[in-house]
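Undergrad: In order, the protein sequence lines correspond to chains A and B. Following the numbering used here, the numbering of the first sequence begins with 1 at its first residue and continues without gaps. Following the numbering used here, the numbering of the second sequence begins with 1 at its first residue and continues without gaps.
Bear in mind the hints are in silico, worked out from the structure with no lab data behind them. For every residue, glycine included, the Cβ atom is placed at its ideal position computed from N, Cα and C. There's no promise every hint is true.
To give a feel for the contact side, a few chain B residues facing chain A, derived at Cβ under 8 Å [stated by the list, open to error]: (1) Ala41; (2) Ala45; (3) Phe81; (4) Thr84; (5) Leu109; (6) Ala112; (7) Val115.
Covered stretches of chain B, going by a simulated chain A footprint (3 or more residues, C-beta under 8 Å) [what the hints assert, rightly or not]: (8) 97-106; (9) 170-179; (10) 183-194.
Restraint-style ranges between C-beta atoms, simulated for each label pair [claimed, not checked]: (11) A:Thr60 with B:Asp104: 53 to 61 Å; (12) A:Gly68 with B:Leu144: 53 to 61 Å; (13) A:Pro108 with B:Pro38: 52 to 60 Å; (14) B:His105 with A:Ser192: 25 to 33 Å; (15) A:Gln131 with B:Leu144: 13 to 21 Å; (16) B:Val88 with A:Val88: 48 to 56 Å; (17) A:Pro164 with B:Gly200: 58 to 66 Å; (18) A:Gly181 with B:Trp5: 28 to 36 Å; (19) B:His105 with A:Gly68: 54 to 62 Å; (20) B:Ser18 with A:Val190: 40 to 48 Å; (21) A:Arg92 with B:Trp5: 18 to 26 Å.
Residues per chain are reported as follows:
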Amino acid sequence: MSGSEPALRIDALTVMYGAARGIEGVSLDVAAGQVTGLLGPNGAGKTTLLRAALDLVHPTSGSVQIMGVASTEPRSRANVTYLPGDLVLPGRLTGWAALRRYLAARGPIDADWIEQLANRLELDLSRQVGQLSRGNRQKIGLILAFAPQPKLLLLDEPTSGLDPLLQREFGVLVREAVAGGAGVVLSSHVLSELEGLADRVAVVRDGFLVAVESIEDLRSRAQSTIRLHFGSEDEAQRFAQAVPHVHIEHDHDRVSVTFTGDVDPIIKAAARFHVRNVESMSGELDDIFLGFYTAQDPS
Amino acid sequence: MKTSWTFFMSDLRLRIRSLLWWSLGIVLLVILVDAFYPSIAGDPALDQMMEELPEALRPLLGPDDLTSPIGYLASQLYLFFLPTVILVFGIGRGTSVLAGEEEDHTLDLLLAGPVGRTSLYLQKVAGVVFGLFVLSVVSLLPTLLLASPTGLDVPFASLASVTLQMFAFLVLFAMLAMAVSAVVGSKGVGIAVSAGLAFGTFLIDGLGQSIGWLEPVRNVTPWRWLDAVAAMNDGFLPGSLAVLIVASLVVTSVGAVGFKRRNLRA
């Protein structure tokens with residue numbers, strides 16, 4: 001990417017809250033036209049990282065640049081929008097008034113474009129924020145993030161509270177922004193939320209950046225569990241002996257297989273038997289990455 | 001960085017209705033106080049009662065001649081009552097505009113845009129000062145307009161000067177409330193500190209007028225520099241006004257620097 005500025009450059013960033021650690025020694029570049037997922041359990045430092053990029057919390061050491069401008073300069077934020085994880089808007093304002101208030105510093109607003117976004121998200125901007133459901137308030141947050149068409153979007157748990165249909169529309173918005181050359185950072189505590197959107201995933205744990213990998217690589221290292229229900233106990237037993245696994249539990253005619261990488265060898269092994277049912281038991285992040293974390297822990 | 005007043009305007013739109021209600025309330029309050037004047041004007045009993053009070057208490061109640069127009073307005077409005085009522089507004093607004101927004105989790109959204117912390121702080125200062133200015137000006141109107149029916153015919157210069165003193169006094173406490181709350185990140189602390197200081201310094205100022213060793217301490221109380229009786233008797237008081245303005249500027253500078261350096265809570 002030489003010659004073109006990364007949308008976001010985080011260089012050896014450490015943020016301390018007094019003696020407590022927010023994040024430590026994080027370096028991460030987000031190129032224009034790229035989506036980086038920020039993955040980690042709650043309290044890992046994802047939000048601190050995003051808020052440090054906006055200078056809401058100051059670097060204890062290290063630096064952040066947005067389109068080449070230091071984050072400590074207010075003008076750096078002309079190129080970035082932010083969707084907070086726990087979005088709160090003044091309840092008395094209408095959707096329109098809230099948008100005008102929080103977009104005010106960015107110059108004149110494009111009412112047609114906002115109207116278009118609101119229609120796509122099926123949101124009535126004339127209603128008071130206080131009367132809206134959590135999902136509908138979140139839509140105002142999405143409009144705040146996407147309307148200015150920034151060079152960088154920092155979205156903290158953006159799809160929380162959105163129903164599946166709107167999550168898809170959100171995906172479309174992200175891809176449009178990326179096609180327009182924007183860099184996007186998308187935080188989540190669930191890997192599946194990032195799938196299909198993030199080009200790569202930065203894994204944060206206890207304030208440290210422990211890995212930056214593609215979704216495929218992460219998946220291949222992450223553990224998954226499927227449970228197969230066989231036609232007979234005998235078949236289940238024979239399957240259990242044949243299949244490659246990390247961990248296996250055998251209970252009469254049911255077998256739970258925990259594995260890493262592709263599910264393919266397991267399916268192939270199961271195909272020789274009569275399989276009544278297959279359940280995927282994708283766990284939460286904490287379970288999925290347990291092995292990954294302990295292996296990578298730098299502290 | 002170019003200065004933009006977008007958030008001042010946005011806040012104004014958000015708060016204009018509340019400011020109008022406050023204005024109406026202040027006007028009614030002053031009308032009420034003014035309306036009582038005819039019934040006590042020239043009644044020697046009140047002045048006599050003042051003279052019978054212990055000397056230490058007398059300054060807390062205001063000037064000696066309660067029944068003259070200036071004595072009445074000073075004691076019933078400008079020495080304590082009106083500044084205290086508007087102070088409720090000033091401290092409330094001062095602590096809400098930054099610390100309140102931080103506690104409501106809406107400050108992040110304001111500062112996620114291309115606005116500097118100092119610029120935002122100053123825009124919020126302007127909003128609070130504007131509100132206090134409006135309330136100060138409207139508080140002067142009833143007395144001015146009702147001068148002949150109530151008999152409170154004091155010179156305009158007296159009213160203007162005491163209103164200006166009160167305005168500067170209110171700004172100081174509101175800026176104090178704003179600075180403390182913004183630097184600590186807590187509305188409650190800002191209210192407690194500024195209201196506590198307002199009350200404490202009021203006592204010191206009052207008692208300092210009759211207790212010898214407290215007299216020099218009066219000079220650090222904003223109430224001393226409110227100087228309402230002198231403002232009504234002598235008109236424009238550049239010295240006292242300057243003390244209040246300089247103190248406000250110092251407090252605001254400290255507040256803006258402290259706010260800029262802080263890590264804001266999520």
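Undergrad: Are any of the numbered hints broken by this structure? If so, which, sorted upward?
TA: Result: hints 1, 2, 3, 4, 9, 10, 11, 15, 16, 19 break, sorted rising.
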